[in-house]
Each structure stands twice: as C-alpha cells, then as structure tokens.
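Once you've looked at the hints, dock chain B against the given chain Y.
Protein chains in written order, with the working numbering: chain Y, 1 to 627; chain B, 1001 to 1253.
By construction, these hints were calculated from the structure, which means they are not laboratory data. Virtual Cβ for every residue (Gly too), placed ideally from N, Cα, C. Certain hints may be false.
Think about it this way: if two alpha-carbon atoms lie no more than 20 Å apart in a straight line, the pair counts; the simulated DMTMM-like pairs of lysine to aspartate or glutamate are [as the list claims (entries may be wrong)]:
hint, chain 1, residue 1, chain 2, residue 2
1, Y, Lys115, Y, Glu93
2, Y, Lys8, Y, Glu176
3, Y, Lys358, B, Asp1134
4, Y, Lys112, Y, Glu300
5, Y, Lys64, B, Glu1127
6, B, Lys1110, Y, Asp311
7, Y, Lys115, B, Glu1127
8, Y, Lys358, B, Glu1136
9, Y, Lys359, B, Asp1233
10, Y, Lys112, B, Asp1134
11, Y, Lys112, B, Glu1113
12, Y, Lys359, B, Asp1028
13, B, Lys1110, Y, Glu163
14, Y, Lys115, B, Glu1131
15, Y, Lys112, B, Glu1136
16, Y, Lys112, B, Glu1127
17, B, Lys1121, Y, Glu193
18, Y, Lys217, B, Asp1028
19, Y, Lys115, B, Asp1016
20, Y, Lys157, B, Asp1134
21, Y, Lys167, B, Asp1103
22, Y, Lys235, Y, Glu201
23, B, Lys1110, Y, Glu5
24, Y, Lys167, B, Glu1113
Computed far set for chain Y versus chain B, every beta-carbon distance over 10 Å [said to hold, decoys possible]:
hint, residue
25, Arg33
26, Gly43
27, Glu224
28, Pro289
29, Lys334
30, Ser457
31, His492
32, Ala593
33, Ala622
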Amino acid sequence: MTSLEKHKYDVVVIGAGGAGLRAAVEARAAGLRVAIVCKSLFGKAHTVMAEGGAAASMGNVNEKDNWQVHFRDTMRGGKFLNHYRMAELHAKESPDRIWELEVWGALFDRTKEGKISQRNFGGHEYPRLAHVGDRTGLELIRTMQQRIVALQQQDAKESGNAESHIKVFAELTITEILKENGKIAGAYGYWRENGNEVLFEAPTVIIATGGVGKTFKITSNSWEGTGDGHALALKAGANLVDMEFLQFHPTGMVWPPSVRGILVTESVRGEGGILTNSLGERFMFKYIPEVFKDKYADNEAEADRWYLDQDNNRRPPELLPRDEVSRAINTEVKAGRGTEHGGVYLDVSKRIPADVIKKRLPSMWHQFYELAGVDITKEAMEVGPTCHYVMGGVEVEPDTAAAVGVPGLFAAGEVAGGMHGSNRLGGNSLSDLLVFGRRAGMGAVEYAKKNPTATVSEKAIADAAARIEAPFSRAGGENSYSLHAELQEVTHNLVGIIRTGKEVEEAIEKIAAIRARSANVAVAGTRQFNPGFHLAFDLDNMLLVAESTAKSALLREESRGGHTRDDFPGMSSKWRQVNHISSFDGKVVTVKAQPLPSIPKELFDLFDIHELEKYMTPEEIAKGGSN
Amino acid sequence: MARKLKLRIWRGDATDGGLKNVEVEANDGEVVLDLIHRVQATQMGDLAVRWNCKAGKCGSCSMEINGKPRLACMTQVSSFPEGEEITVTPLRAFPVIKDLVTDVSFNYRKAMEIPSYEHPKNLAPGEARMEQIDVERSQEFRKCIECFLCQDVCHVVRDHEENKKSFAGPRFFIRIAELDMHPLDMLKNRKQKAQEEHGLGMCNITKCCTEVCPEHIRITDNAIIPMKERVVDVKYDPVRWLGSKIRKREGIV
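So that you can see chain Y by itself, here it is in the shape it has in the complex:
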C-alpha cells in the first residue's frame, strides 16, 4: 500500500457552501490554518441553488424594520420552537453580514437611493430580503469563493504560498470525524477522483455540510444533500435536535417527471404570484390559521391592495410561512382539485408584465422554458411541495456554534439545529449561514488557541481505512442505488409531509431493515471516480438521518411547522416546551425529550402577550420569561 496522505491543520471545515466558507474566512483572519473539504468542485455547493434572497433587517425599503421585528417574525415562523438565542443573534447580526459581502465585491440589486434593495417574502413583515434577481445564492457563493481566492492571493504575496493558510480539498469525501480522549483530533476521508485516503489531524472540525433532502424522493436538493454532517456528528458523539422538522417547500416543479422537485422560488409569490386550484379558486384564503388571522388578508381585494399599500392592508395568504402553504396545496390536491400532474397552479403572468417577469425572475423563466416548455410570462406554472430544508440538526451552543458534548466540534448552516424552530422562513437560510458560519469560525479559533495540537492514533487510522475498503471486499449482495431508491420510497410515503403514528412506526421498521441490508452493499469497479462506491457512504448517512427523523416524528404527538401528524392535528403548548434530542450508540438512534431553553424576559417582552398565549402555557405566560 502507498503511504497515507496526511495533513495537519488548525481547523478542518467540512463543506464549502456559504457557512463553511464564511467559517474559513473567520478562522483565517485569526491567523489559523484552514482546510476546506468538499464533495464537489469548489463553488458548486448547494448554496448556489438559493434563489430568493438573504433576510436582514437593514430597513432599506421600509425603515420601520429592525432586528426586533425580524426576531419576532423568525420565532413566529418557527412556531416558537426556535432556540431564542440563535434567532436573536441571527436577527441582530445579519445586516452586518450582508454589508460585509458588499465589501468583498457582491453586487446586490439596488433601491432608488442606491442602497441594497429588499424584497417581500413569506412570513417577513417588511421587505427584507437582499437579492440579486432570483440568483441570490449564486452571488453569495461566488462572493465567498472569490473572498477565499483573495485571501489566498494575499498569502501568496506574503509567504510565496497561496495555500499557506487556506487550502481547498475539492471532491474529497469525509467518512469519519476522529476523536482522541474525547476531543476532536481530525477527520478521515478519500479523494473521489482516485479513492486514495487522506488523514487530517486538527483540534477543531467545523461541520457545514448542509441538508438531507436526498433522503426523500421528491426534493429540491442536489445529490450532495445526503445528511453527511448530521451522520458524522451523531457518530462522533454529538446530538441532533428536532429532526422531525423537515421543510417541504410549497412550490417545486411537478412536471415533467424528470424535474419533479426542482425549486420554484418563493419570490414568484413575493412578486405577486397567486395560487389557484383546478377550479380556478384562489384557495389560500381558506387556509389562514388562527394564529395568523390578524396579519393575512381574508379576501382578494385586500390582498391585491397590499402590493400597493402595505401599511393599511394585510398580506396575501400566498405569503404565509412555507409549512402552511405546503399543507394547503397538499390538501387541495388530495381533495381532487389538483392539476393534471398532481400540483396546483402558480400564476404570475396575469399580474406582472412579461418584461418585468423576465427581469425579476430570470432563472425561473429560463428553468420553465427550457425544462418544461412553459412560458411563465404567458401561462401558469404547475407546482407542488418538495422536500427542501431540514430544520433539525446538530445541537449547538448558540454563541460559538460548538456542538454540545464534543469538544472541538462545531456546526453551522443547515446542518445545525435550533435556529429555525419547527419551520424556517424563506430568506433566513442565507443569512443564517453567514451569521453562524462566522460564529463557528470564531468558536473554532478560540478553542484551537487553547488546544493547539491533535494527534490521531494508528488504531483509529486503521479502523477508518478498513471501513472505506469494506464495500469492495464484500461478495455479491446489495446495490446502493436500489437501496437508496427504497429508502426514498419509505420516507416519502411514511414520514413525508403528512404523518400518522402507525405509518411512522412502519417506517422505523423498514428503515432498520434497509440498514441491515446496507451492511451487504457491494461495489463493482475500482476506487477511481466510482459513483456506486460514493453512494455506499452517502447511503449510510441517509439511513441514520432517516432513523433519527422517523423516531423523533413518532414521539411528537402534535402538528407544528414542518411536522404534521394526521392523528394529532393540533398544535399543543405542552409540546412547545420540548426539544427532541437524537443520539447514537453505534447501533441505534435513541431520541429523548429535553426542555426547550426558556426565553428571557427582554425577548419575551418584545411580543404582544395575546400572541404568546397562542403558543405558550398559562404558567409560562404568568412567569413572563426567565431572568
């Protein structure tokens, strides 16, 4: 065997999306040496898919906006299950994170005064999303990527070596996070190009791997969304919080089948798009939940007026938080009022002139024209829910993004849990990954300074290497592609957008059975760029994530945000006090309830008491927040 490729760094960042890159920039700023490891080419991360914008209360379009309003919207959107401290930090810091992008060369769309323009989005009280047409994620990832390059150019000037402080290891899969004496010691993985193994020794690891969408059949996520970070964290002894909460984005493409699930940005509704069923009814008026009645228009005339006068009218119900809109579409289709291909209509053509549509929603126009043969300036789109985002994730300390229970481990972005509660507002993801990417970088810096060295034992290396070789040494057996397809059927049918206890129990059994069979996955061919081999590891991660989701979903006997139980349709203030914590003992995932941190008085007081009464128990209200 050839000698093992070994690297020593201060920080290993797994994932090169917005959160990972922002973390790397922060750690490098403190003089640390950072390895950025990603499964794809540099600049292809899923962040690129974000369309609508990044939420930050800059108040450029409506000066009444401020962090308190943003905080309230975020908590409402998450049905008050959010970790209050994360929502607070996020609301306070996101404007600075957006402005900072501008210093690094980002070019957002502008207001008349030349400031960064902000658009309306579901659940946000004021126009709040900084955007670039409908390709904001691309702007963000490119700005971060170019910032990394700029820092490397600086390093080249100073030390003669562009990679002296930041090196990108692209197309490298991490299979294991390594610990010694209970603390992080590094990570192990292999180059996708040739299968050669790589050891990173580092006292800190930042997980920024994004989501889990590929666990589901219909998803807006790319192949990378296989829950790697969630699974790596679990295996390293960290916890996942609230994995039952998955966001089904209300508007994914439904036709043709090959594009099913691809995202149709919420900006279409933000710009005035309306939802109708096959009878031509604008059905969302029927689905305004009690808790939102004072904020959303219950008739078309008022909803239409809102686009012109937002101070004196309530918002159109198309702009309710995503969970509400998804459930409504699901109900319409189930009741037989769906379109030919099982969706509903989303129409922007009757409200906005063709040239404005092409200017404000260029990617959407392009996507529908090229993939579905639909001209959205003339016809309606057919849309339906698609698995988009996981609210659950690694349990972290809000201020440092440190993973609870594993010294040296950090997590930021979609892979971290808590920030969004039971449902994320559109636009809060791009700002989340900047705010907490930076904080994870800071957290790692602080930790690495106290724990500067890390050494991985020979035994740990040998064990990690053996696990990578395993799929090649198995004779015959299972095919990772078909097991993946089976898993997707199970999650889609039994732990999908609407759940029942009985179905979830069935899912848990079926997932366990697939997991047992996955131990027999054999891979044909060599280690050289072999997708079957790659999928074997992704599959393992997805199975752990699915188990955690199903077990959390079974416990939560209520419906809230991205978790809907047909057998427990109501939202209960008792359940609001509970987080579900998943842990892994090497064999099975165990989920237990843990009290939600209670909101301090100064944040409690930001809300109208009557609103809080809809979510909290009388005892909590009487207490008035913790001190």
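Just chain B, lined up with the frame of chain Y:
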C-alpha cells in the same frame, strides 16, 4: 411515454478509452443527464459523471453531446430527432480523469491569477450607494455558473495545449470585465492587464463562447469586444497614451 434510445458513452481514463453503446429507456420530458443516471443505476454502476443541482444552476454536468459543449441537465432528449443516436463525451479541452469527468483545475489556477476586487478604503460596510443601471453591467457577468463550456469550446485552447499558459479564457475575461465595470472597484488598468497578462489579444472574436453559454451571457459583445476596443484606443491614440502616462492613471473612464 417511454421509448428505447441508443446512447454512446465515452468510457475510459487518461490512458485509454472509447465509445460504448448502450440502450436505455427515455421518458417524456427527460434530459440527457436522466439517461446517464439510468445507465448508471442499471447497467454501469461505476460510470463517472459530475452533476449537482440538475437545474442548470451549478454548472457541474458539462460535457459534449453530439460534439457540442452542453449541460447534460439542460439538454432535452426530445431535442434530438427520433432514431438519432446521442453521443456523450468528456470536455475536450481538459484532461480526462475518468469517463465523463475531466480535470478542470486549469480554470481554478486561472481564477487565482485574476486580481481580486478592491473595495474603496474609506467606504464602510453599508455605506455603498450604486445605481441599479450601473450594477447591471457587472451583474450580467456574475450570472456565470462556471460550467467552463466557454473555456472548452474556445479554439485558442481547445486544440492548443501550448496556449493555456498565457490565455485565461472567456470565463476569466468576463470576470475581468465584471471587475472593470464594478462601480466601486479601485484597481486600475484591468483592461491592459487582460491584454498583456491574460491573453485577451489572442481572442479573435469567433463568438463560440457566447453560443455555448447556458446563461446566455453575451461574453463576446459585452465583455471581450468593449475591453479590446478600449485597450486599442489607449494604445494607439498618442494623446491618450501620453495622458495615461502623465496622470498615472488609466486613460479610460
């Protein structure tokens, strides 16, 4: 409706390879990437292909389809006449790693050679004011998804490995143009550098890059030609040339 389709896929690595014939089912509305995935799942588990978003947004699944550089996720199967064979091969301008996957590191090296954005020193975060009309010129180029199809098709490097050293390629000409037209960028002489250090002069405006761009960026008309024209203006206009020397600034506004 499903139909059987003949697909020829280049399989091999840096040392050797050739086209392999496969038959695969195609359904209505499918794109070439769907076919490749089906082949992968049912017939060739180790067939190497890059892809990510499958929505034309990330620029990963670049390959040559019937000889034309394209994104496999945006190429409709129905765009080929019934009975026509579809041939998929790796990008020709870059070294093959395996099957449809090529080594595109050339592009990342070139990215490193382009001087980065320089923000005005005294302009604090949040203070920037720019007109929409002024940011739009650069925004067109920032639509680039780095699929590198323009780099692949450009005949300056497509069959001329020797030119790669001194030629950044269309993707990086629009990067330079983007920074050059950025309302706030402080670095001067970007156009001259494009000409002198990044090989802008080697481009002879055949517009192949513009033709293959999946984002429909007008690479030649809006980036390359304007830069070439202004470089020529300064270089051959003695008054402006002198002005640029005396005032120590670029003679172009």
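Q) For which of the previously enumerated hints does the structure constitute a violation, in increasing order of number? A) 4, 6, 9, 11, 12, 17, 19, 20, 23, 26 and 27
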